[in-house]
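Undergrad: Sequence:
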Amino acid sequence: MGNSDSKLRFRKAVIQLTTKTQPVEATDDAFWDQFWADTTTTIQDVFALVPAAEIRAVREESPSNLATLCYKAVEKLVQGAESGCPSEKERQIVLNCARLLTRVLPYIFEDPDWRGFFWSTLPGAGRAGEDDGDDEGARPLAESLLVAVADLLFCPDFTVQSHKKAGLDGPEDMASLDSCEYIWEAGVGFAHSPPFNYIHDMNRHALPLFTSLLNVVCAYDPVGFGVPYNHLLFSDHRELLVEQAMQVLMVALEHDLASTCAQQPLEPTAPSVELEEQEPVGPDNLFVNYLSRIHREEDLHFILKGLARLLSNPLLQTYLPNSTKKIQFHQELLVLFWKLCDFNKKFLFFVLKSSDVLDILVPILFYLNDARADQSRVGLIHIGVFILLLLSGERNFGVRLNKPYSLRVPMDIPVFTGTHADLLVVVFHKIITSGHQRLQPLFDCLLTIVVNVSPYLKSLSMVAANKLLHLLEAFSNSWFLFSSTQNHHLVFFLLEVFNNIIQYQFDGNCNLVYGIIRKRNVFHQLANLPSDPASIQKALQRRKKTAAGISRASSMETVSMEGSRPAIPAEPGTLKASLAATPGIEKLTERSKLSEDGSIVSLQERHSSQPQADQSANAGAASDTESNSGRDNEDVFYCKTETARRRMSSTSSSVYWVPTPEWVLTWKSKLPLQTIMRLLQVLVPQVEKICIDKGLTDESEILKFLQHGTLVGLLPVPHPILIRKYQANVGTAMWFRTYMWGVVYLRNVDPPIWYDTDVKLFEIQRV
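The sequence shown maps to residues 0 to 766 in numbering that gives the first Met the number 0.
Hints in this document: simulated from the structure, not taken from any laboratory.
Every residue gets a Cβ at the ideal spot worked out from N, C-alpha and C, and that includes glycine.
Misleading hints may appear alongside valid ones.
DSBU-like, lysine-lysine: derived pairs with alpha carbons at most 35 Å apart [claimed, not checked]: (1) K345 <-> K586; (2) K352 <-> K6; (3) K586 <-> K457; (4) K304 <-> K575; (5) K759 <-> K575.
DEER-style ranges, computed between Cβ atoms [as the list claims (entries may be wrong)]: (6) A149 <-> Q43: 42 to 52 Å; (7) E87 <-> K402: 52 to 62 Å; (8) L713 <-> K693: 47 to 57 Å.
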């Protein structure tokens, strides 16, 4: 009965607010207290009892009343932060005010005339040390709100455990409280984990300080003691806090790229958090500055292990189905990992200095493979590929990939015995050949990653080698090459991969060398690609047999890893958020080469095989020859590319592009085929001879011969290793911003804070 009465009183207050056309005085406490003095108002109650239409009505018809409601609610939060909320009634008032503001704020932001409202001043809210009686120089309403909330997040016996014994010395003085003594979890800058109290966790629902957020996320272990089905038997109150801490942290780390060059002194750092003294990354964002200055090995280890543990959680397998808890916030984890690597180079180098980087790589490849057919998860695949592109620009990443892969994560890919490099190649091949069509702009990125690591790959498996050759065979088809201004760049990337491995890792890569010998016709056809007008027209008119002759490389490839399931498209009705355009590879990376002394020299001029900026023409996909669906693989290959080409040409008849002999010759003459042709010239006669002399029919004998062969002195002079390192740019900054907010929106539907509002963050579509 009490709960029902409180809802009626709250609803009555809302109705009074919407029907009062005259301004209600701010001093009328009896009226305003109706909104937050009740002790039983939940967040669900607030959303149900304060309809969107009534908030808009107050905004339009009684704007002063809406303004006063916000002022009074913020004022209550400020008072609670100053007093420390010693009583249960004060804590309830603070929570009710926070819930009411959560409901009202979106409708303030959807009206351009209200955009500046939170930069107005809270009456009488002077800054610390200033005369409160003078509104000049007073805190803006937004600052008052955020400062109060930040203080409340470290309020003893409300959101943190008090250090004082019960009943002694009275409530703690908030003015003299050192929040660094109340960090929520052990980790960076804080050695002792405080007692667990889920009530305190439930009260933390807004912007806290950087270290608490980071430690709560990285210390979280959803498996706990590993008791089967424990997540079904016990409520995990910490999970919601971790998820919200993750989202607040990644939003707080949002950084304006245009301001990265500006410099400004930092505010003093709390003594208990040891951060490196260096120039700040940005002028205003202390979260970014604090993150960029973490440098102690134990702190870096704590962060990396925590993120790796959480990213690997959905991959865990047991003999009991659904017996382990699966977290759902892996997209937020990937954004946080990206920001850590991007803003803190010491963290990036720490990740790459040991095999621990593979604990990040394997989950990312799992997510990429699992999401490849689901257009609602295109953003997830982008962030995963961007992370791998960033890592691949460092030599150590390529070196670490040589570690044998034995984890056997359940993935819908061919079974193989090999290294983490093989896993990367096989997953990338699967994405290209059987992924969603919207992934085509990422082909350049995927192959750039393989190019970056190729000089360090000591031994590709037969499965991975055949996958790379399969891609070359598909991409070098004359019809595909002549269909777009961009498609030949994919061939350049693959030839660069082969050249790097032959020149720098010939020993140990007999599988790839054998594959090149078997597929030598592909290279000869490329070298003799016809460029006369008649041949170009004939190629473009050819619809069938686009990828003729491509077959399974091994019977092993019909077997997928144990426990795997095929990637499936999004369920009908699934929501997806719009994304900014993906920048071209030439904007994502800067080119440099590794000189003989090991130093990196930047290359400013454009390379002959570097893709151009025209992303609209970057269409095309290899056929999925491993599909058992019964569909004509050549038709699939044709449809994907032709559809994109027609879409581009239909935009404007004046920009319709036709390949010419001159255009073909400009890039055909630069195909880097010399090294491969020399290899074939030397090895093919030798292989044919031993096959005839010994009557060999078993490829293992041929592999053994190649394994002990050498091309020292027979190949051209090794070319310099070319590295394409990720570089920050406005395009990716915009992409990350839209992706991040899309994730936050779609992951927060209860309560539906932004639902049915006109706030333009991004576009939401149903798949």
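Undergrad: Each hint needs a verdict: does it hold in this structure or not?
TA: A quick look at each hint next to the structure:
{"no.": "1", "hint": "K345 <-> K586", "result": "holds (24 Å)"}
{"no.": "2", "hint": "K352 <-> K6", "result": "violated (58 Å)"}
{"no.": "3", "hint": "K586 <-> K457", "result": "holds (30 Å)"}
{"no.": "4", "hint": "K304 <-> K575", "result": "holds (31 Å)"}
{"no.": "5", "hint": "K759 <-> K575", "result": "holds (15 Å)"}
{"no.": "6", "hint": "A149 <-> Q43: 42 to 52 Å", "result": "violated (26 Å)"}
{"no.": "7", "hint": "E87 <-> K402: 52 to 62 Å", "result": "holds (56 Å)"}
{"no.": "8", "hint": "L713 <-> K693: 47 to 57 Å", "result": "violated (23 Å)"}
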